[in-house]
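A.B. asks: Please take these sequences and the hints and turn them into a complete structure.
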Amino acid sequence: MTKSFTTPQGGNHDVLRDINFSVEAGEFTAVVGPTGCGKSTTLSLISGMERPDTGEVLVDGQLVDGLTKDVGFVFQADAVFPWKTVIANVAAGPRFRGTPRKEALAEAADWLGRVGLTGFERYHPHQLSGGMRKRVALAQTMINRPRVLLMDEPFSGLDVQTRQIMSDELLSLWDVTRPSVVFVTHDLEEAISLADKVVVLTAGPATVKESFDIDLPRPRNPREIRHTAEFVKLHERIWESLRDEVQLAYRRTVSVTPEAVTPEAATAKTRD
Amino acid sequence: MTTDSSTTPTAPAGTPAAAETAPAAPGDAAPDTQEASPGNDPRAARAAQVRRQRIRRRVLVNAVRVALLAIFIGLWQVMASTGAVDEFYTGKPSGICSKLWDWIRHGTSQGPLWDQVWVTLQETLLGFAVGVVLGVVLGIVLGRLRFLSDVLAPFIKTLNSIPRILLGSVFSIWFGLGISSKVTLAAVLVFFGVFFNAFQGAREVDRNLLANARILGAGNTRVTLHVVVPSALSWITTSLHVAFGFAITGAIVGELLGAQQGLGLLIFQAQANFDPNGVYAGLVITAVFALAAEGLITLLEKRLLRWQPRPQKSSGTTV
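Chains H and F supply the protein sequences, listed in that same order. Per UniProt numbering, residue 1 is the first one in the first sequence, and the count goes up by one each step. Per UniProt numbering, residue 1 is the first one in the second sequence, and the count goes up by one each step.
I should point out that these hints are in silico values taken from the structure, not numbers from a laboratory. Computed from a predicted structure; not experimentally measured. A virtual CB, placed ideally from N, CA and C, is assigned to each residue, including glycine. Incorrect hints may appear among the rest.
Unchecked claim - Far from chain F, some chain H residues (derived; all Cβ distances over 12 Å): (1) 18; (2) 78; (3) 152; (4) 186; (5) 188; (6) 230; (7) 250; (8) 253.
Said to hold, decoys possible - One-sided and incomplete, this derived list gives chain H residues near chain F with beta-carbon spacing under 10 Å: (9) 83; (10) 85; (11) 143.
Unchecked claim - No farther apart than 25 Å at their CA atoms in a straight line, the calculated lysine to any residue pairs in the SDA-like style are these: (12) H:84 <-> F:84; (13) H:69 <-> F:224; (14) H:197 <-> H:126; (15) H:102 <-> F:222; (16) H:84 <-> F:297; (17) H:84 <-> F:43; (18) F:302 <-> H:123; (19) H:209 <-> H:230; (20) H:102 <-> F:230; (21) H:102 <-> F:225; (22) H:102 <-> F:144; (23) F:302 <-> H:126; (24) H:84 <-> F:256; (25) H:84 <-> F:59; (26) H:84 <-> F:208; (27) H:84 <-> F:133; (28) H:84 <-> F:45; (29) H:69 <-> F:89; (30) H:84 <-> F:87; (31) H:69 <-> F:133; (32) H:69 <-> F:206.
C.D. replies: Right, dumping it as structure tokens:
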């Protein structure tokens, strides 16, 4: 499977410029880059929610033109439906795609078991912790068995411990259906511990600066692998590459307008 | 489309955004379990004490309320009886009571009291139902279809800026003295209140939720039914409280403008006869059923918005 695109001119402001990378079938790719460099935009382009101005996105050799059923997306913010119970949230995907109610609920119960939420079927999202809501979101996405799984800083709202547990769970879920993953994060450790390949983006307009193969053995324990010598070495090499971009992006946020300092404001700005 | 005249959307009390700020630890996630039985457990004793305090407070609040009401009515009665205020204008509580009793026992000048109440109630409920259904449907549809709402915006603004109570006269001409002119007036008043809230609610849907639904495979209809409508519900139910007031206003004003039966007519006739007690008695009846309706709407709201986090009250308040 290849994905490649080249994209400039988002209005009067280039968010992405000549960005081009590919993800093999079943490969876990992490994309790191400084805050607001256009990582999220890249994901929207792959998903088909937005279209590139020039260039193209290919999934399985097919041109992406709008949403397809093969793509799953885990959002940074909570995107589970607050008015649906946990089980109804997980069953939503199959229901939207026309699976009969009974079948969808049985399947959802299955996936709830996989994310360790059996017994919480009738709860509403606000009754759950942040980590549990995230597991609902994962089950909700994975139940559709996407072949391409896009994740936009999915664990950024969680505390450090929960984050590491979620990384574990993500890898074991990934093993069930083995989708190709594009995992956007600004946390380099998280990226290395999860991925087969880490792509470093430049400070906006984003383009691929460098790409690193992570040849750490699988199955991995993302929590423990951080202490191995290979991990530390990789971290050093990639950080070397990432550091300049982070510093560049930081200098821009301090020298431009004050409201651009927060990551949200910076991202929103680049999207316009 | 924005509203810059009489009816503006009211923000719902518990917006969905608030839902995201109340995470609970996994251990806390279980719903409130019954309290431990009172015994040697110091925590149970403490809980019992807290509960006693809460009950005492509630009793106190209610006692003060009753006292205030008693003082007000007592003063009114005394001042009217002693001539400190002119009974010709103010009426007096005992007069209102006997007027009510008289209506209940012997009926009003235009027939049994229940008939009057029933007529007004019918007009109110029908007007409310029609206005709410139209307001919700059109609000959601226009909220979803940007083109249509852009086209219709100036017309809706114009209609909204007319003092709608004046339409009562128009409807009297169109539909005569029967029930339909009142129902129409009530429905129009209700419609605008509900419409703008439904419209705003449909517009304020979290974009992440929309994107998520689409990616999960929902088409336009499913997005509307599964995401937009539930999300707009808290806006809509907020507007229902005000809308019911509008419905009563529409029904009663419609009756004042010309009717053969109803509470409005009753009040109007009492006014024409310089009978302040009759006017107040009519008001009392209206207030009673407005309060009953308010209670029902609050129940409905709680049922529909079960999924929203409640403001954190300590457990055990429900008996």
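A.B. asks: All hints, please: hold or fail.
C.D. replies: Outcome of the hint check:
no.: 1; hint: 18; in the structure: 26 Å, holds
no.: 2; hint: 78; in the structure: 5 Å, violated
no.: 3; hint: 152; in the structure: 10 Å, violated
no.: 4; hint: 186; in the structure: 19 Å, holds
no.: 5; hint: 188; in the structure: 25 Å, holds
no.: 6; hint: 230; in the structure: 34 Å, holds
no.: 7; hint: 250; in the structure: 27 Å, holds
no.: 8; hint: 253; in the structure: 24 Å, holds
no.: 9; hint: 83; in the structure: 4 Å, holds
no.: 10; hint: 85; in the structure: 8 Å, holds
no.: 11; hint: 143; in the structure: 9 Å, holds
no.: 12; hint: H:84 <-> F:84; in the structure: 62 Å, violated
no.: 13; hint: H:69 <-> F:224; in the structure: 19 Å, holds
no.: 14; hint: H:197 <-> H:126; in the structure: 35 Å, violated
no.: 15; hint: H:102 <-> F:222; in the structure: 18 Å, holds
no.: 16; hint: H:84 <-> F:297; in the structure: 22 Å, holds
no.: 17; hint: H:84 <-> F:43; in the structure: 35 Å, violated
no.: 18; hint: F:302 <-> H:123; in the structure: 17 Å, holds
no.: 19; hint: H:209 <-> H:230; in the structure: 22 Å, holds
no.: 20; hint: H:102 <-> F:230; in the structure: 22 Å, holds
no.: 21; hint: H:102 <-> F:225; in the structure: 20 Å, holds
no.: 22; hint: H:102 <-> F:144; in the structure: 30 Å, violated
no.: 23; hint: F:302 <-> H:126; in the structure: 16 Å, holds
no.: 24; hint: H:84 <-> F:256; in the structure: 46 Å, violated
no.: 25; hint: H:84 <-> F:59; in the structure: 38 Å, violated
no.: 26; hint: H:84 <-> F:208; in the structure: 15 Å, holds
no.: 27; hint: H:84 <-> F:133; in the structure: 23 Å, holds
no.: 28; hint: H:84 <-> F:45; in the structure: 38 Å, violated
no.: 29; hint: H:69 <-> F:89; in the structure: 74 Å, violated
no.: 30; hint: H:84 <-> F:87; in the structure: 59 Å, violated
no.: 31; hint: H:69 <-> F:133; in the structure: 35 Å, violated
no.: 32; hint: H:69 <-> F:206; in the structure: 22 Å, holds
Against the hints set out earlier in the document, violations occur for numbers 2, 3, 12, 14, 17, 22, 24, 25, 28, 29, 30, 31.
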